[in-house]
Structure formats: C-alpha cells, structure tokens
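Could you slot chain B onto chain A? The hints should help.
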Amino acid sequence: MRYEMRFSGSGGQGVILASVIVAEAAVAAGLEAVQSQAYGPEARGGLCRAETILSREKIWYTKVIRPSFLLALTQDSLDKYAQNLAPDAMVMADAGLSLPACVDPARALMLPILATARDKVGKVMTANIVAVGAVNKALGLFDEAALTEGVRRHIPAGTEELNWKALAEGAALVTDEQAALFRRSL
Amino acid sequence: MQGNEACVEGAIAAGMRFYAGYPITPSTEIAEQCALRLPQVGGRFIQMEDELASMAAVLGASATGVKAMTATSGPGFSLKQENIGYGCLAEIPCVVVDVQRSGPSTGLPTSPSQGDYMQARWGTHGDHPVIALSPSSVQETYRLIIRAFNLSEKYRTPVIFLMDEIVGHMREGVTLPRPDELIINKRHISYHDGANKQCYAVPEGKFVPAMKAFGQGERYNITGLAHDVSGFPTNNNAVAGALYTRLMEKIGRNLDDIVRVEEYMMDDADTAVVCFGGTARAVMSAVEQARAEGMKVGMFRPITVWPFPEAQLRARLPGLKRVLMVEHNYGQMLLEVQRVAAERLPVGFLGRIDGTVIPPADILNKLREMEGRENAQ
Numbered sequence: 005m006r007y008e009m010r011f012s013g014s015g016g017q018g019v020i021l022a023s024v025i026v027a028e029a030a031v032a033a034g035l036e037a038v039q040s041q042a043y044g045p046e047a048r049g050g051l052c053r054a055e056t057i058l059s060r061e062k063i064w065y066t067k068v069i070r071p072s073f074l075l076a077l078t079q080d081s082l083d084k085y086a087q088n089l090a091p092d093a094m095v096m097a098d099a100g101l102s103l104p105a106c107v108d109p110a111r112a113l114m115l116p117i118l119a120t121a122r123d124k125v126g127k128v129m130t131a132n133i134v135a136v137g138a139v140n141k142a143l144g145l146f147d148e149a150a151l152t153e154g155v156r157r158h159i160p161a162g163t164e165e166l167n168w169k170a171l172a173e174g175a176a177l178v179t180d181e182q183a184a185l186f187r188r189s190l
Numbered sequence: 026m027q028g029n030e031a032c033v034e035g036a037i038a039a040g041m042r043f044y045a046g047y048p049i050t051p052s053t054e055i056a057e058q059c060a061l062r063l064p065q066v067g068g069r070f071i072q073m074e075d076e077l078a079s080m081a082a083v084l085g086a087s088a089t090g091v092k093a094m095t096a097t098s099g100p101g102f103s104l105k106q107e108n109i110g111y112g113c114l115a116e117i118p119c120v121v122v123d124v125q126r127s128g129p130s131t132g133l134p135t136s137p138s139q140g141d142y143m144q145a146r147w148g149t150h151g152d153h154p155v156i157a158l159s160p161s162s163v164q165e166t167y168r169l170i171i172r173a174f175n176l177s178e179k180y181r182t183p184v185i186f187l188m189d190e191i192v193g194h195m196r197e198g199v200t201l202p203r204p205d206e207l208i209i210n211k212r213h214i215s216y217h218d219g220a221n222k223q224c225y226a227v228p229e230g231k232f233v234p235a236m237k238a239f240g241q242g243e244r245y246n247i248t249g250l251a252h253d254v255s256g257f258p259t260n261n262n263a264v265a266g267a268l269y270t271r272l273m274e275k276i277g278r279n280l281d282d283i284v285r286v287e288e289y290m291m292d293d294a295d296t297a298v299v300c301f302g303g304t305a306r307a308v309m310s311a312v313e314q315a316r317a318e319g320m321k322v323g324m325f326r327p328i329t330v331w332p333f334p335e336a337q338l339r340a341r342l343p344g345l346k347r348v349l350m351v352e353h354n355y356g357q358m359l360l361e362v363q364r365v366a367a368e369r370l371p372v373g374f375l376g377r378i379d380g381t382v383i384p385p386a387d388i389l390n391k392l393r394e395m396e397g398r399e400n401a402q
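If you read the protein sequences in the order shown, they are chains A and B. So for the first sequence, our numbering puts the first residue at 5; every next one is plus one. So for the second sequence, our numbering puts the first residue at 26; every next one is plus one.
Bound conformation, chain A alone (with noise of 0.2 Å):
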C-alpha cells in the first residue's frame, strides 16, 4: 500500500525537513520510504512543497500522484495543493488559515501550529517539528522512538530539550478522538 504525502508552505519554513524527518523515521521504523522537493529559485519566501512516499514494498516511482496527505502552512500552499488530493485524504492546516471550498471540512484538521511554535515553545522555526509531531498522533505512523531518531539526527547539538518540546507540543494538538479518526495504518 503506498500512502503519499505532501508537505507545503512557504520556503524557510522547514517543510523540507519535516517531510525528510517523516522518511527517515519511517526507514527507522522498517518501511520503505523515498523523499523529494520542489522549490523554485528563491531561498526564503517561495511556495516550497516536499513529497514523502511510504510503503512496506519497494517504491518505484518517486513523485506524488495523488497525495493521501496534506500538510499546509501557508494559504498559498493550502490553496494551490488542496487540489488533486486522494478522495480519502486527510488535510492538516494551520488554523489561521481558511479552508478551501473543495476540501470536506470532516477531513480537516486546523490546528494552531505556527502559533504553538511561537508561544507555547517559544521559537517559531520549531514550527515545522511542531508539524511533525501533530502528523505522527494524528496517523499514528510511528512509535516514539523511530519518530525521535528522525528528528535527532537533523537538530543542532543543545537544541534536543526545545525539540522534543516542539514535537510534545505538536502531539497535544490532535485530541485522542481526532487521531481515532484519522489513524492510517500502512
């Protein structure tokens, strides 16, 4: 079963990394797993989406047809990828944001990410761990110990206390009744 997701906003915002600590977490965690982005020229400020495709088989093709998944933190971003998604998928929105018209609000969940980030952590650019820890309660892909080892190994030395924050914070977003709802097993 190959389950794709997509990860979006804006460039800078760590959405890059966010999709690569979901592959290797996955890789962690036994499955097969293959990362990619997309950006234009600009380093800061352009639409950025990245692709993580999971699966227990070998993955041959490595771009994202039809995303399962989407993650958006900008209105750009949510705008632009909302459509052309799986009929079953699951969007995650930063709350701020609004939700577009073809998007079913059931399959939505807008949560307070960047303002988490901010306030509850204390850094914004935590935002995109933030992300990775409300997406892991909200499908239930990984146990704690794969998803920590992929995001151990993409943090700076003396960072470790305000991620796992970050990512505590981002689990703490989606009530057990949400990831009920959504939990996808693979």
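The set of hints was computed from the structure by calculation and includes no laboratory data. Don't be surprised by glycine CBs; every beta carbon is placed ideally from N, CA and C. Among these hints, one or two may not hold up.
Said to hold, decoys possible - Listed below are the simulated BS3-like cross-link pairs for lysine-lysine, each with C-alpha atoms no more than 27 Å apart in a straight line:
| # | chain 1 | residue 1 | chain 2 | residue 2 |
| --- | --- | --- | --- | --- |
| 1 | A | LYS62 | B | LYS391 |
| 2 | B | LYS321 | B | LYS391 |
| 3 | B | LYS275 | B | LYS346 |
| 4 | B | LYS222 | B | LYS211 |
| 5 | B | LYS275 | B | LYS211 |
| 6 | B | LYS321 | A | LYS62 |
As the list claims (entries may be wrong) - Residues from chain A that keep clear of chain B, each with C-beta distances beyond 12 Å, as calculated:
| # | residue |
| --- | --- |
| 7 | ALA37 |
| 8 | PRO91 |
| 9 | PRO104 |
| 10 | ARG111 |
| 11 | ASP147 |
| 12 | GLU148 |
| 13 | GLU165 |
| 14 | ALA175 |
Said to hold, decoys possible - Per the computed footprint, the stretches of chain B lying under chain A, defined by three or more beta-carbons under 8 Å from a beta-carbon of chain A, are:
| # | region |
| --- | --- |
| 15 | 293 to 307 |
| 16 | 367 to 378 |
Relative to the frame of chain A, chain B by itself:
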C-alpha cells in the same frame, strides 16, 4: 540518504580525495558534502571562482596522482566542456558529475531534465572518447560512482556521471557495502628510468599508457595539442592520427568491459521501454501495471549511457515488436535507439521538457496507444 550525498560517499569510498567546484542547483549538496567530508579523510576541497577553473583544478590535481572530481549542472557543464576535452586528449582521469536540470541557459534551476544527454557525448569539440554513466536510484548512485572512478582510472579518461534532479534530490534508504566488498581500481602509475621520456608510450596491443604523477620526481610534458609519445606537441599528421585513433579505440575496443544495461522483464517482452536515469522509476511502475493488464512489456535501461549499448539493444530486437523511448528531453537518446532499431521496428517516443516528471500513467497510455494502433491496422 540523498542521491547527491550518496554520490559523495561513493566517490570517497572509490578514493576521491580532491574536489574543486562551483556550486549550482541541483548539484549543490555534492559540493557541501565534499566540503564537510574531504577534510575528515585527508582530502582537499576547494571552491573555485567558476566552473572553468574548477575543471582545470581537477585536471591539475589528478595529474599529481590524486583521484579528483567536480560536480555541476547544465550551465556549469557547458563551461567545463573545453577542459573536459583537454582531459580526453591529455588522458587525465577524473569524474565530472552533471546533475541535470531543466532547460537551456539557466532554465528551471530546481526542475528535473535529461537534456544534457547529447552534450555529455558531443559537448567538447573534436572526435574524442566518452564514457558516461547514469544512475536511477540513491543506492545505485553509490555503487556506480565507484565504477565511474574505476573506468576513469583504467582508461585514463574523464568519465561523465550523468545524474538528474530526480535522483540527485531524492532521499531513499540505502545499504552501504563494507569497504572490503568494493573493487577499487588503483591508478596504474609507472616511473620509467630517467633516460626514457616516452610518457605516452603504450606497449604493443595495449591502448592505455601508464601514468606518472607530477611532482614525484620525473618531469614530463602535458599538453592539449596533438603530441607524440614524449608528450610534446607535434604537427606530424601520422603521429596525430595514430594518437586520435588510439584514444577512440581504447574505449571502442573495450565495450564489453565498459557497457552495462539493466533489463527488467525483457525475456518474453514484445515491447521494450528504453529509458535511463531517474526516468526508470516511472517506467518500472508502468511496466508492472502494463504486465497486470496482460501486455508483454519490459524495460531496457542503459546504465552506461555512452557509449550507447548498441549491441545489447540489437540482441533484443528479434524478440520485439516495438520500442518506446521515454526520457525527460525532446528526443536525444531516441536518436540512438532509432539508429539501432528503427529499420526493423516502430520506435515510439514519450518525452517531457516542462520541468515536471513523466508519471507512470502517461507511459501506460502510450503503451496502450502503440499496441492498439498496430492491432487496428
């Protein structure tokens, strides 16, 4: 691991200890990783002022006996061509990585393409030998860059490592082989006695002269002019002709050693999908879907993309009814496939040049269309 990282790790495993480059998307991670890793293994990294100087630095370093590499993308690959030709004629081993991106000029910097296929063959002027290899996965990138160094050392020629953005920027799980599992060619360095200045002489029946390392005691001449066996320029047409012929034949007579292909489900196939590099990922998926629909489709993938695997494709033609070329350009390897196959079979083409990746569904549709069209006749 990312494809570009696997390229660096494989190169270091192959013994690469010098990198000169000028970073350019989508190859930049290769320069970044070399800057980090080479000092850790006693190597040298230098960021040069431009691509021309990078290529020159790589040739200079290699002449002193070090395995050397540079990496770039289309715009930089254009700039390196003059010195690649110098490396071909002066027979200086090195590996030139080109992570292809979309379009002529600066094009679409972050989008995939395979538009440098013909440039890898004919980018530098004059008749010259070329070896170019193209990986289709992160795992294969690691193994194949080692082979690129091995061939470069064995045949004393620049080897083009033709990646694309699909593979360079993709992350996959990889299994790194233990160092003792790898076969690494050492450079054949031979010092003559002081009286013997024939640094480009080859023994009877051989085509590759042994190398001497600059700065290790023996002085000799290296030039981009036609030269005699002493390495000094000559205007003697017979000598120049013999040199150029030897350069062509050192590759041309060793195709069995150099050329590699991957064939998937080809044994009973009546349709071959030909592709290279990252395109293979969509093709593999399409082949499996076509098989599920009862179509007898297989994949024929040149791993050595230059010299083109002519004999290997020709050997498959008697069992085939049609060939489909799929590549991310306007039809470049297509010309080679047509040259080999078009007299005997219909050759279809599916290409793309808008910077997006060809999805398996398009390949499947093209296969259905080709099969249907012929059945209707």
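List, from low to high, the hint numbers that the structure doesn't satisfy. 3, 7, 16
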